[in-house]
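Chemist: Those protein sequences? They're chains A and B, same order as listed.
Residue 360 is where the first sequence ends in my numbering, and the numbering goes up by one at each step.
Residue 70 is where the second sequence ends in my numbering, and the numbering goes up by one at each step.
Treat the hints loosely; a few may be bogus.
Stated by the list, open to error - Residues from chain B shown here face chain A by an in silico Cβ test under 10 Å; the list is partial:
1. M1
2. Y5
3. F6
4. A10
5. V12
6. F14
7. G31
8. I32
9. L38
10. I43
11. T46
12. L48
13. Y49
14. A63
15. L64
The hints are simulated quantities; they were obtained by calculation from the structure and are not laboratory data.
Computed from a predicted model, the values in this text were never measured in an experiment.
Ideal placement from N, C-alpha and C gives every residue a C-beta, glycine not left out.
Now for the letters of each chain:
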Amino acid sequence: MTGPGPNRDRDVRGVRRARSLVIRRLGRRRTKTRADFYAAGGGVSGFRNGLAIAGDYMSAASFLGISSQIFGVGYDGLIYSIGFLVGWPLILFLMAERLRNLGKYTFADVASPVSPAAGPECGGLDARRRALLPDRADGRRRAADQIAVPPRCLAYAVLIVGVLMTLYVLFGGMIATTWVQVIKAVLLLGCATIMAFAVLAQFGFSPEALFARAVELKANLAAAGGMGPEQAYRQGPLHHGAGTFLTDPISAISFGMALMFGTGPLHILMRFFTVPPTPPGAHVGALGTGWIGYFYILTFIIGFGAIILIGNNPAWVDATGALPATPDAKSISPRRWAATSSWASSRPSPSRRSWRSSQA
Amino acid sequence: MLVAYFGYIALVAFDKSLLARPIGGGVTSLGIPVGVGLILLAILLTGLYKCGGPIATMIRWCALRDGESE
Chain A
1 MTGPGPNRDR DVRGVRRARS LVIRRLGRRR TKTRADFYAA GGGVSGFRNG LAIAGDYMSA
61 ASFLGISSQI FGVGYDGLIY SIGFLVGWPL ILFLMAERLR NLGKYTFADV ASPVSPAAGP
121 ECGGLDARRR ALLPDRADGR RRAADQIAVP PRCLAYAVLI VGVLMTLYVL FGGMIATTWV
181 QVIKAVLLLG CATIMAFAVL AQFGFSPEAL FARAVELKAN LAAAGGMGPE QAYRQGPLHH
241 GAGTFLTDPI SAISFGMALM FGTGPLHILM RFFTVPPTPP GAHVGALGTG WIGYFYILTF
301 IIGFGAIILI GNNPAWVDAT GALPATPDAK SISPRRWAAT SSWASSRPSP SRRSWRSSQA
Chain B
1 MLVAYFGYIA LVAFDKSLLA RPIGGGVTSL GIPVGVGLIL LAILLTGLYK CGGPIATMIR
61 WCALRDGESE
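Work out the full structure, taking the sequences as your base and the hints as a guide.
Modeler: Below, the structure is given as structure tokens:
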């Protein structure tokens, strides 16, 4: 994990981009009618749809966000996972089937019964567009943040991706979107499984050993920061609510409710329109929940792995265990990447070609 | 699900030390099995819901058939 992290990240995304272009072409060939476009003709199989739901749900953001939250505050990061996950069965129980019975393509069909002539179509299109696009744009922007690129290139990248993405949704419709999500889910689940496996392998597959090492490390870091032994121990990642996160009951309850209701993934509900009428979506929902839950458990392990493998590596953090002052990856110069990756050692002075130094 | 989740959040809110208590003599705290258990419960409940749907449909269908035969 301390190896060429950003490069692997970039590779994964490059593969995903290339494959998704192929998929869009395949998807377009099969999209003919309006029902095809919005709901993939109601004929996406349950297994694929379950994966697609999981792909919709677990973005790169939740992967990076939750594992780094655990890296930062320990156990409290798990509350995020649980809150996100719990919102989903509730929406499934309460809304999914009703929605499917009432609406035609999107939840806007249900929400705008006042003007049946124009409302549902326009509202549906709008809601669908809003559901499909920002999610993706946001994801790409965050993906770009992970890679050390100069700001000018970033603007072009965002522009190109925006155009591609619009074409993609316009021509591919729901089939293309479904396939993209399926592949995203497979890649995310696969990579997270490998990472969690590798982390656990370092500790003889004993979570206890993993946690013990993480607690020890955090306590050492806190002691190095000038705390007494007792106080340092309380900084440990298993001390729930250590530090400033969720210190009083009111904020904990408010946070819990916001997580569950606030992140209600309405756009994911549209996936239920892509399922054949029987069985009524529940099958798909169960599959999706299974994948998502598994993924969050993996994330928890990876977060603790990060405490040990990154929090202990002087190439990444300073003596008190803090990451560099600016949190985004752009601030870490290629020289720094080079220092931590093995391939660079065989090349002559990679810092000469650093974007940062050529711009300075 | 709601009950379990709000129970958990209430624990977070009012009695953090309980969740931070180590179990089994090691460092693994009680919060970890509880948290992972909640995730598994969510999976289990959606699984039950999945089985429940077809069963409910069958019961409804049987009731309909019996109603017609009379």
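Chemist: Could you run down the list of hints and mark each one as holding or not?
Modeler: Against the structure, the hints come out as follows:
1. M1: holds (6 Å)
2. Y5: holds (5 Å)
3. F6: holds (7 Å)
4. A10: holds (8 Å)
5. V12: Hint on V12/B: holds, closest Cβ of chain A at ~5 Å, below 10 Å.
6. F14: holds (6 Å)
7. G31: It holds, given that the least Cβ distance between G31/B and chain A is near 5 Å, below 10 Å.
8. I32: holds (7 Å)
9. L38: Holds. Min distance 5 Å.
10. I43: Since chain A brings a Cβ to about 5 Å from I43/B, closer than 10 Å, the hint holds.
11. T46: holds (4 Å)
12. L48: Check passed: Cβ of L48/B comes within 9 Å of chain A, closer than 10 Å.
13. Y49: holds (5 Å)
14. A63: violated (18 Å)
15. L64: violated (16 Å)
Going through the hint list in order, the structure does not satisfy hints 14 and 15.
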